[in-house]
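**Q** Spelled out from the first residue to the last, the chains are:
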Amino acid sequence: MATAVKADAMVTQPYLIRDVSKETYDTFTLKLEPDKGSNHTQFQPGQFSMLWVFGVGELPISISGDPDEEERLVYTVRSVGQATNALVTRSVGEAIGVRGPFGTGWPLEAARGHDVIVVAGGIGLAPLRPVIYEVLNHRKDYGRLVILYGARSPRDLLYRKELASWARQKETQVLTSVDYGGMSWRGHVGVVTSLFKYARLKPSRSVAMVCGPEIMMRFVTRELETYGLSRSDIFLSMERNMKCAVGFCGHCQYGPHFICKEGPVFRFEQLRPLLEKYEL
Amino acid sequence: MVAEGVLAARETSWSSAVSLEEHAVLAASELGSLISTLALEGYSVIGPAVRDGAIVYSAIESIQDLPQGWADEQAPGKYRLSPRNDDSFFGYVVGPQSWKKFLHPPEVRLWQAERQDGSFRILNNEATPEKAKAFLGVRACELAAIRIQDRVLLEDRYRDPIYEARRASAFVIAVQCTQAASTCFCSSMGTGPAVSEGADLVLTELQSGSHRFLVRAGTDRGSEVLSKLRTTAATEADLHQAQDGVQAAAATQVRSIDQNGIQELLYQNFEHPRWENLAARCLSCANCTMVCPTCFCTTVEDTSTVTGNHAERWRRWDSCFTQAFSYIHGGSIRNSSKSRYRQWITHKLAAWKDQFGSSGCVGCGRCITWCPVGIDITEEVRALRNGGDHGDS
Ligand SMILES: Cc1cc2nc3c(=O)[nH]c(=O)nc-3n(C[C@H](O)[C@H](O)[C@H](O)COP(=O)(O)OP(=O)(O)OC[C@H]3O[C@@H](n4cnc5c(N)ncnc54)[C@H](O)[C@@H]3O)c2cc1C
Ligand code: SF4
Ligand code: SF4
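If you read the protein sequences in the order shown, they are chains B and W. Last residue of the first sequence? That's 280 in the numbering used here, and every number before it is there in order. Last residue of the second sequence? That's 393 in the numbering used here, and every number before it is there in order.
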């Protein structure tokens, strides 16, 4: 029963910041390498780490980098409060603590040979970016790739250059939408679900991977079902408070699940009865 | 005199499975030598003691420290010590504390870090406690609670090294209950009052005739300690007296939780008027989770020195009754106190079974006794079952 017994899973390891780049006015991408003495572990797209800032605290943050680029761990952090702000204001050369990776990954094995639909809202694109890299790095292994991405406003869109370059790839479609467009925005305005009608793929042979605010995921899953996807082909990544990430602290419980160890990526089938409940 | 419940209990009781030869008798006057033997073996002995009007678990040096002659009277929201009319050492039931305090400490430093050459290094991972402990007076429900925490902290995907070190070195001396408090319901939870397995030594305190203990070893190291004590052979009469005492403790329990369909009951009544009714009474004080021997939730606190060169990470008990517990950016998931009580009881009695294969409640009754407004988990389950939403039954 007890597998992968790592006694030190609760102890952080120093990593050095090699690059900090600005994605938007409040979101930054950090690239880290293990400091001497720290072990580097491979990750699966969809997994997260616990990042610790000396004297500030620790936070769950998804890995947003390329799984084929092995030496570095990449994170995209939106500054929303004290701890995330402390993370994004670090400079190159500084050290932060890393624990993990933890949790389940996106079902890339199962998605091989199928069309992949990525649906993201806001910072939810960060944990899905490794999926996009994986599909594009191994293009022949997958069917079409459709990325549906919604943000609050044009200035909140992450990875804008990459979105444009992904859109130019074979068999790849990128659709973005914003809630409030403003004068200069010539793209689509509306919630992310309003993009579905433009998606070109076969629902019966697609796997959908969804991450965003819970309210958005409720609507998206409904829309995907209407669109013809089966509940077992829809995957969601959930967010809850997490203090330990190893199933001890109890904070991330979601009905019978611990999101840190059974998630964060779940099959929609598993969560459907829970998603309809508030304050669960 | 023998009620039906007693007969039923007799059939499933411990003594039907154990034999006379496994038992010995320890005179009450020899209890002190058990304590000193354990001390000689290198254990610090922890046992019951009277403090501030309650029975708590603390360091025991001799039998003088034990709550001899004291009983505890418990009812929802009420706890009181009263003198017994005999000189029993273990004549109480359970107090506000449990062994969790030693195995899964209320606060513990996980590690320290020090800045060094532009980076930092981790100083130590405090995994080993100072000295092995011997727990004297572990009740059947408490032993069941320890096994439940073993499942959570040692037998899942990860192991908690802090718990592991303390647990591996702990020597457990169980004492079977021969009476129950009004708040007890271990019988219905299948966790007591008889001690089945998991203890190094199992004692039953006997009063009729001479004051003595029936004793049996549950492990090799238990046998070893037992062999160092002056004991006499047990008789059928000793065994029967112990059995009757334990059965009386089962038969006099007035509370119970019907386990039939308990998961469906809680999962299907996510919306139920009883939750509002509860919310109107519950103070969200978290007492119930602090006294519960199985509640394992924790939070962490990161501190650093003024110079900013030294940082520490501490882990502390936490409670799902606080608003901060479920906080994520944007607000707490469980904002209302109704949702928090619902989370607690649903986790305890239903989700725990999905997560760890057993109930998360052992029926010790602490949450009933120590709730300042006397909320009774057994009564809440009954109300949900009956579809009632009234505050009093
Ligand atoms: C699995 C997972 C993956 C995530 N991935 C990303 C990501 O890739 N990028 C990103 O920007 N954000 C991500 N988040 C969200 C991020 O962890 C929160 O935005 C962040 O914790 C907020 O902390 P804060 O202090 O900046 O903000 P505030 O909202 O001001 O939080 C105040 C304090 O509350 C506590 N707190 C808040 N949220 C959490 C939490 N989820 N777990 C534990 N404690 C918390 C912390 O102590 C925090 O300092 C993820 C969350 C989870 C659970
Ligand atoms: S829920 Fe109450 S009765 Fe059950 S084990 Fe916890 S404190 Fe004891
Ligand atoms: S049930 Fe009682 S002990 Fe528990 S939080 Fe509510 S008032 Fe406090």
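Just so you know, the hints here were simulated from the structure itself, not pulled from any lab data. By construction, the Cβ of each residue, glycine as well, lies at the ideal position given by its N, Cα and C atoms. Errors might be hidden in some of the hints.
Said to hold, decoys possible - Now the in silico label distances, taken between C-beta atoms and shown as ranges:
| id | chain 1 | residue 1 | chain 2 | residue 2 | range |
| --- | --- | --- | --- | --- | --- |
| 1 | B | GLU71 | W | ARG385 | 38 to 44 Å |
| 2 | W | ARG385 | B | ARG222 | 54 to 60 Å |
| 3 | W | LEU283 | B | GLU276 | 44 to 50 Å |
| 4 | W | ASP150 | B | GLU33 | 24 to 30 Å |
| 5 | B | ARG222 | W | LEU283 | 52 to 58 Å |
| 6 | B | LYS22 | W | GLY387 | 38 to 44 Å |
| 7 | W | TYR327 | B | GLU71 | 50 to 56 Å |
| 8 | B | ASN85 | W | SER223 | 56 to 62 Å |
| 9 | B | ASP8 | W | ALA237 | 20 to 26 Å |
| 10 | B | ARG231 | W | GLY53 | 44 to 50 Å |
| 11 | B | GLN82 | W | ASP86 | 57 to 63 Å |
| 12 | B | GLY81 | W | THR303 | 16 to 22 Å |
| 13 | B | GLU71 | W | SER223 | 36 to 42 Å |
Stated by the list, open to error - Per the computed footprint, the stretches of chain B lying under chain W, defined by three or more beta-carbons under 8 Å from a beta-carbon of chain W, are:
| id | stretch |
| --- | --- |
| 14 | 12 to 21 |
| 15 | 53 to 67 |
| 16 | 189 to 200 |
| 17 | 218 to 226 |
Said to hold, decoys possible - List of simulated lysine-lysine pairs, DSBU-like, C-alpha gap at most 35 Å:
| id | chain 1 | residue 1 | chain 2 | residue 2 |
| --- | --- | --- | --- | --- |
| 18 | W | LYS228 | B | LYS277 |
| 19 | W | LYS228 | W | LYS353 |
| 20 | B | LYS140 | B | LYS202 |
| 21 | B | LYS36 | B | LYS22 |
| 22 | W | LYS228 | B | LYS31 |
| 23 | B | LYS277 | W | LYS131 |
| 24 | B | LYS261 | B | LYS140 |
| 25 | B | LYS161 | B | LYS202 |
| 26 | B | LYS202 | B | LYS277 |
| 27 | W | LYS101 | B | LYS261 |
| 28 | B | LYS31 | B | LYS140 |
| 29 | B | LYS36 | B | LYS202 |
| 30 | B | LYS261 | W | LYS228 |
| 31 | B | LYS22 | W | LYS353 |
| 32 | B | LYS197 | B | LYS36 |
| 33 | B | LYS140 | B | LYS197 |
| 34 | W | LYS101 | W | LYS228 |
**Q** Of all the hints numbered above, which does this structure not satisfy? Sort the numbers upward.
**A** Those not satisfied are hints 1, 2, 3, 4, 5, 6, 7, 9, 10, 13, 16, 17, 18, 19, 22, 23, 29, 30, 31, 32.
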